[in-house]
Amino acid sequence: MVTDDDADWRGLLRDVLSMEGFEIEEAHDGLQGVEKAKSAKPNVILLDIDMPNMNGWEACKHIKADPATKDIPVIFVSTHAQREDKEKGLAVGATDYLPKPVDIEQLVPVLRKLTGTPS
Amino acid sequence: MSREAAVLLVGVDDETAEIACSALDKRWSVTTVKNGASAEEAVRKRAHTVIIVDWDARNFSALELVKSALGWNRMTSVLALVNSNRKKDATSAIDAGAMACLVKPVDGDDLASLVARAHEKARLNRELATATHRTQELIDAIGEFLASVSHDLRTPLAIMHGYAETLLHYGDKLDREKRAAYLNYIRDGSRKLTQQMAEFLDLSRKGVSVVSPEKIDMPRLVGEVFRPACEEERALQLEVQFEPEAQEIVTDKKRLTHALQYAISEALQHSADGSKIWVRGLRNGGGIVIHIADRKIDHASMTESNSSADIGCEEAQRMDENQEPNISITIARCILKVLGGDIWSHQNGDGYRLTFTLPKEYKPSKRNHG
Chain A
1 MVTDDDADWR
11 GLLRDVLSME
21 GFEIEEAHDG
31 LQGVEKAKSA
41 KPNVILLDID
51 MPNMNGWEAC
61 KHIKADPATK
71 DIPVIFVSTH
81 AQREDKEKGL
91 AVGATDYLPK
101 PVDIEQLVPV
111 LRKLTGTPS
Chain B
1 MSREAAVLLV
11 GVDDETAEIA
21 CSALDKRWSV
31 TTVKNGASAE
41 EAVRKRAHTV
51 IIVDWDARNF
61 SALELVKSAL
71 GWNRMTSVLA
81 LVNSNRKKDA
91 TSAIDAGAMA
101 CLVKPVDGDD
111 LASLVARAHE
121 KARLNRELAT
131 ATHRTQELID
141 AIGEFLASVS
151 HDLRTPLAIM
161 HGYAETLLHY
171 GDKLDREKRA
181 AYLNYIRDGS
191 RKLTQQMAEF
201 LDLSRKGVSV
211 VSPEKIDMPR
221 LVGEVFRPAC
231 EEERALQLEV
241 QFEPEAQEIV
251 TDKKRLTHAL
261 QYAISEALQH
271 SADGSKIWVR
281 GLRNGGGIVI
291 HIADRKIDHA
301 SMTESNSSAD
311 IGCEEAQRMD
321 ENQEPNISIT
331 IARCILKVLG
341 GDIWSHQNGD
351 GYRLTFTLPK
361 EYKPSKRNHG
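If you read the sequences in order, they're chains A and B.
Following the working numbering from start to finish, the first sequence increments by one per residue and tops out at 119.
Following the working numbering from start to finish, the second sequence increments by one per residue and tops out at 370.
Since the hints were made in silico from the structure, they are not lab data.
Take the hints with a grain of salt, since some may be wrong.
What the hints assert, rightly or not - Partner residues are not named here, just some residues of chain B that face chain A (Cβ under 10 Å, in silico):
#  : residue
1  : Ile159
2  : Met160
3  : Gly162
4  : Tyr163
5  : His169
6  : Lys173
7  : Lys178
8  : Tyr185
9  : Gly189
10 : Gln269
11 : Gln347
12 : Tyr352
13 : Thr357
14 : Glu361
We put the CB at the ideal spot given by N, CA and C, even for glycine.
Working from the sequences, and respecting the hints, build out all of it.
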C-alpha cells in the first residue's frame, strides 16, 4: 500500500510496482492509511511523512499499536533525509526508511523480500 | 538627551553630590542614595543608565555594589569616584566592571562628559541588542526558508527522478501515452523549478528596485490568474467576491500576478476534484485581506462554509504556524512582503485555505530604501 498525499508519487509507484507484479492499494493521507491498513491488510506499507490529517509518524504508531496491523512491515519513503529522521522512523516501528528519490532497483528487492514474492 | 535618562549617585559625600547634581541635573534625572541597599531599591523602582559610586563610602562595599549593579542590569554603566592617593581602588573598580574612574574632588564638566559617554554606550548597546535580535530572526527565517526549499524541491525532483528511471528501466513496457505523460512531467517540472530559481534570484538581486505600482482591479486580476488554473486545467468552479472597498489597490501588477500564481498552484494541489474555489476580498484597515478556500460542492452548506472562512489575520497566522514549510507559499510570501503584505496557509480535513493581505497602496519601506 502506497500512502502519500502526492498523487504523482502514488501514480509513479503504482505504475512501476504494477509492472513488477505487485498489487497496489493507495491512501492519500495518514488517517486513510491507518484505515486501509486494517481493511485491505496489505503485505507492506510504504509511508510518507508529511501528510494532511495524520502524518506518517502518527500513522505508523497507530498501525503498530493495533494488533490487527502491527505485523505489517512499514517502510517510510520521505524527502526527510536526515539521520535523525531515519532513527525516528525506526523508533516508531518502521522496518526501513528510504529517502526520496528512491531507486527502483533498491526498492523492488526490499518489497520482494518482505512480501516473499519471487522476481 | 532626554531628561528621563536616569543617574544614580550612591554613597557620595555632600560636596561631591552638590557638584554632580549641578553638572548633571539639567540633562538627566539624578537620584541620590546613601548605601547599597537603598541603591538596589532605587534600581528596582526605575532603571538607571548610570550609577556613580563613591569608593570611599563607609557603610557599604562599593566593590560589591558594582558587581551587583551589573547583575541588576547589564546595560547600566558604573562610574567610580576614587581618591587621588589610592590608585589601587581605581584598579579594583575597573576590574569589577566599572566603566571609568574619576579622581576626587570631581570636576563637574568631566563628570558630565563621562555620563554622556555612558548614556551613548547604553544607547549603542540597546541598538546592538535590537540588531542582534533582528539578526537571529533573520537566521531563523533563512533556516525555515532553506528547510522549505530543500523539502519542496526534493518532492518534484524525486518524482522526476522516478519517471526518468522508469523510462530507462521499463520504457519498452510503457505505452506511448504513458511515456509522453512522464516526459511531459519532467519537462514541465524542470521548467517550473527553473522558474522558481529565477524568482529567487530576481527577489534577491533586485529587491524592491523594480516595483512599479499601478492601479489594479483585484476581482479582474484574480479571475485572470485563477480562472485558467481552476476551470480550464482542473474543471473546478471559481467564485470571486470582493467588497467594493477591496476591489481596487495600487501595487506592482507583475509581482502580484506571480504571487497569485504561486498561491493558486499550491491551493489547487490540495483541492479535490469537483471542488469549488472560493475567493473573497475584504477591506482590512489600511489594506485588504483576501481569503481563498476550497470546498467540495455542497450548495446546501456553501453559505455556512464560506462565512467560516472569514477568519482574522491573527487566526490565519496562528494556524499557519502548524503548517509544513512550503516552497510555493514561501515564494508568494517573499513577493507579498516586498509589496507590504503577507500570506498564511492552512490545511485540515475540511479543505485548504489561504489568507493574504496587501496594503491599499504600495509604499516603499524605509528599510528597502536604505
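Taking the hints in turn, this is what the structure says about them:
Hint status for isoleucine 159(B) relative to chain A: holds, with the closest Cβ pair at about 5 Å, below 10 Å. Interface restraint check for methionine 160(B): the shortest CB-CB distance to chain A comes to about 8 Å, inside 10 Å, so the restraint holds. This hint holds: glycine 162(B) has a C-beta 5 Å from the nearest C-beta of chain A, less than the 10 Å allowed. For tyrosine 163(B), the interface hint holds, the least distance from its beta-carbon to any beta-carbon of chain A being 6 Å, beneath 10 Å.
Given the 10 Å rule on beta carbons, the hint for histidine 169(B) holds: about 6 Å separates it from the nearest Cβ of chain A. Hint status for lysine 173(B) relative to chain A: holds, with the closest Cβ pair at about 6 Å, below 10 Å. Checking lysine 178(B) against chain A: minimum C-beta separation of about 7 Å stays under 10 Å; hint holds. The restraint placing tyrosine 185(B) at the interface with chain A holds, with a minimum CB-CB distance near 7 Å, inside the 10 Å limit.
Given hint, glycine 189(B) at the interface with chain A, holds; its Cβ is 9 Å from that chain's nearest Cβ, closer than 10 Å. The closest approach between the C-beta of glutamine 269(B) and any C-beta of chain A is roughly 8 Å, which is under the 10 Å cut-off, so the hint is satisfied. A distance limit of 10 Å between C-beta atoms decides the matter here; for glutamine 347(B) the minimum to chain A is near 5 Å, and the interface restraint holds. Interface hint at tyrosine 352(B): satisfied, since its Cβ lies 9 Å from the closest Cβ of chain A, which is below the 10 Å cut-off.
This hint is violated: threonine 357(B) has a C-beta 24 Å from the nearest C-beta of chain A, more than the 10 Å allowed. Hint status for glutamate 361(B) relative to chain A: violated, with the closest Cβ pair at about 37 Å, above 10 Å.
Of the numbered hints given earlier, the model fails hints 13, 14; all others are met.
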